[in-house]
Structures are given as C-alpha cells and as structure tokens.
Amino acid sequence: MKNITLMLLVAMVPFMTMAQKKSKKGKQNKIEKVDNSNATYEFMVISGFEREIDKDDSRKGTSEIPSELQIKKLMKAGSQVMINFDFGTRSQANSDLMKNARSYRSMASAVNALANYGWEFVNANVVNLGTTKAHYYYMKRSK
1 MKNITLMLLV AMVPFMTMAQ KKSKKGKQNK IEKVDNSNAT YEFMVISGFE
51 REIDKDDSRK GTSEIPSELQ IKKLMKAGSQ VMINFDFGTR SQANSDLMKN
101 ARSYRSMASA VNALANYGWE FVNANVVNLG TTKAHYYYMK RSK
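Oh and the sequence shown: position 143 is 143 in this note's numbering, straight run, nothing missing.
Hints in this document: simulated from the structure, not taken from any laboratory.
Ideal Cβ placement from N, Cα and C applies to all residues, glycine included.
There could be a bad hint or two in this list.
[Stated by the list, open to error] Ranges between beta-carbon positions, derived for each pair:
1) Met12 x Lys143: 54 to 60 Å
2) Glu52 x Ser142: 45 to 51 Å
3) Ser67 x Phe43: 39 to 45 Å
4) Ser103 x Asn123: 20 to 26 Å
5) Asn123 x Asn38: 20 to 26 Å
6) Thr89 x Ala134: 20 to 26 Å
Work out the full structure: start from the sequences and follow the hints.
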C-alpha cells in the first residue's frame, strides 16, 4: 500500500508543476498613462499630519485637565505639521512644489501658496488619531 501511494505521489509531481503559469521575463508590464486624458481639471490632495507639542511637562501624568486649559491648549499653535502633496503624476512643476512642502508650517499656508499656482480649494477632512490629527485637503485647477 505504501508503494502504491509513493508511486502516485511521484507520478503527480509533473502534473502539478505543469499547472503553474510560467512568467515571461522579457515582457514588461503595461503602465497606463493619464497625461492625454480629456479631463478639464487636475486634482490633488494635501495631506497634513499635525502632532501636538506639550511644553508643560507638569501635567503629563494627570488625566484631568480643567476646561479653561483645554481651550487654551487648542487655541495655541503648539504643534508640528508635516505636509505632503499628492498630484497623482510626476512633473517638474510638481517636484518643485513638493520641495516647498517642507517649508510650510500650517495647512493654511500650504493652501495659500497653492492658490498662487492656480489651485482651488474644494473640500477637507480631519481625522483624529489620538495625539495626531490627519488633515486631508482636496484641491483642483483647470488644465
């Protein structure tokens, strides 16, 4: 019985290996280009990640903060913002804007700077991730 099982397994190995699809090494994957589209608008997303900087170390261990201090904490500009632009495509003008993204200190300064390049604000979302807030601003401009 063991011999028969062993023979069946040995006989099935060639059939199993033939069932797998062979890849073509010389063939490149097709990449779809959207540059020649008939769209009248270009869209982009500004992603900003804001992290609070707590300068008052005396309150770190306490869970209860008076409401007046919470309001003052929200009104202060004690946060770091990392901004990223998502254009969907790469071009030289987009690369220059990406380099400038590091110099913006707030989402409003990024939107104002992009308005100078013809971008128009459409919508925004803010997602609270604990001590970090993720801002997503949607922009468009005419081609």
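Hints versus structure:
For Met12 and Lys143, the hinted distance range of 54 to 60 Å is satisfied, since their beta carbons lie about 59 Å from each other. Taken as a hint, the range 45 to 51 Å is violated for the pair Glu52 and Ser142, whose Cβ atoms sit roughly 37 Å apart. For Ser67 and Phe43, the hinted distance range of 39 to 45 Å is satisfied, since their beta carbons lie about 40 Å from each other. Distance hint check for Ser103 and Asn123: the Cβ-Cβ separation is about 25 Å, which falls inside the suggested range of 20 to 26 Å.
Take Asn123 and Asn38: their Cβ atoms lie about 23 Å apart, and the range 20 to 26 Å holds. Between Thr89 and Ala134 the beta carbon distance is about 23 Å. The supplied range of 20 to 26 Å therefore holds.
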